[in-house]
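*Asks:* These are the residues of each chain, in order.
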Amino acid sequence: MRLISERDAATLRKRFADLTGPVKLVMFTQSESGLSVPGHECAYCRETRMLVEDLGEVSDGRIGVEVHDFILDREEASRYGVERIPAVVVLGERDHGIRYYGIPAGYEFASLVEDILDVSAQKSGLRPETAAALRALPRDVHIQVFVTPT
Amino acid sequence: MRADVVEVSEFPHLAQRYHVFGVPKVVINERVQFEGAVPEKMFLSYVLQAAGVEES
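Sequence order for the protein chains is A and B.
Take 2 as the starting number for the first sequence in the numbering used here and just add one per residue.
Take 4 as the starting number for the second sequence in the numbering used here and just add one per residue.
In short, the hints are calculated from the structure, not lab data.
C-beta atoms are modelled at their ideal positions from N, C-alpha and C, and glycine is treated no differently.
Be careful, since some hints might not be right.
Unchecked claim - Selected chain B positions facing chain A (Cβ under 10 angstroms, derived; list incomplete):
(1) VAL9
(2) VAL11
(3) LEU17
(4) VAL23
(5) PRO27
(6) ILE31
(7) GLU33
(8) LYS44
(9) VAL50
(10) LEU51
(11) VAL56
Extracted from the complex, chain B is given alone in its bound form:
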């Protein structure tokens, strides 16, 4: 597993590519995305969706 923290104002092309309008914005495997802080259980659920383990 890789986890990147990206300071988006230094990489505007990434803000564009991933449609970052609010922060924190999380993108997992280019498949699942959400904005804002979420509880651990919900974060895990997003990770499992991105990995194809859970249905979205």
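Bound conformation, chain A alone:
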């Protein structure tokens, strides 16, 4: 079953046809059997997984998809610094530090698609001055952007 519409799928197929560089979505979910660990219920895990798998499908596999169980695959989760679910890690040739927590729907879905294209092309879209200033940062930076579904 697919979550994205036929129309969106057709648009995405075109956009993803030019993907050349590697890109992979690593998704963390939990058992969707209806059983859940108290305090760890995951309202949108199932939908997020479907969305990620849809992206793999409409890209004809150009976008790699990996799904992990957050509870069972603790090691993988901590490798990516994932502490809550649903989580989607956007990986290119290397890890650029991009994470989505919660379902990337609405405007965030558009952001995710842009990230996929940028990561694959290894382009940031930043002005050269900005990129240079970021490369010179003396310490690690953690940016959190809080959004709501739109």
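Position chain B against the provided structure of chain A, taking the given hints into account.
*Replies:* Below, chain B alone, put in the same frame as chain A:
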């Protein structure tokens, strides 16, 4: 550098912890925060402040 997009209605404890009343809300290194979209230059300035490179 890490960049997280957090759908805050699914993580209400984070909304509370970071006082998210309007979106998008950006928090950098637990030090610098702002609401709404800003031009690239201003965003960079916030990042530099958070990293201790620029005075706020």
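*Asks:* Confirm or reject each hint.
*Replies:* Now for the hints, and whether the structure bears them out:
1. VAL9: Where the cut-off is 10 angstroms and the nearest Cβ of chain A is about 5 angstroms from VAL9 (chain B), the hint holds.
2. VAL11: holds (5 angstroms)
3. LEU17: holds (7 angstroms)
4. VAL23: Holds, about 5 angstroms.
5. PRO27: holds (5 angstroms)
6. ILE31: holds (5 angstroms)
7. GLU33: holds (8 angstroms)
8. LYS44: Holds, about 8 angstroms.
9. VAL50: holds (6 angstroms)
10. LEU51: holds (7 angstroms)
11. VAL56: holds (7 angstroms)
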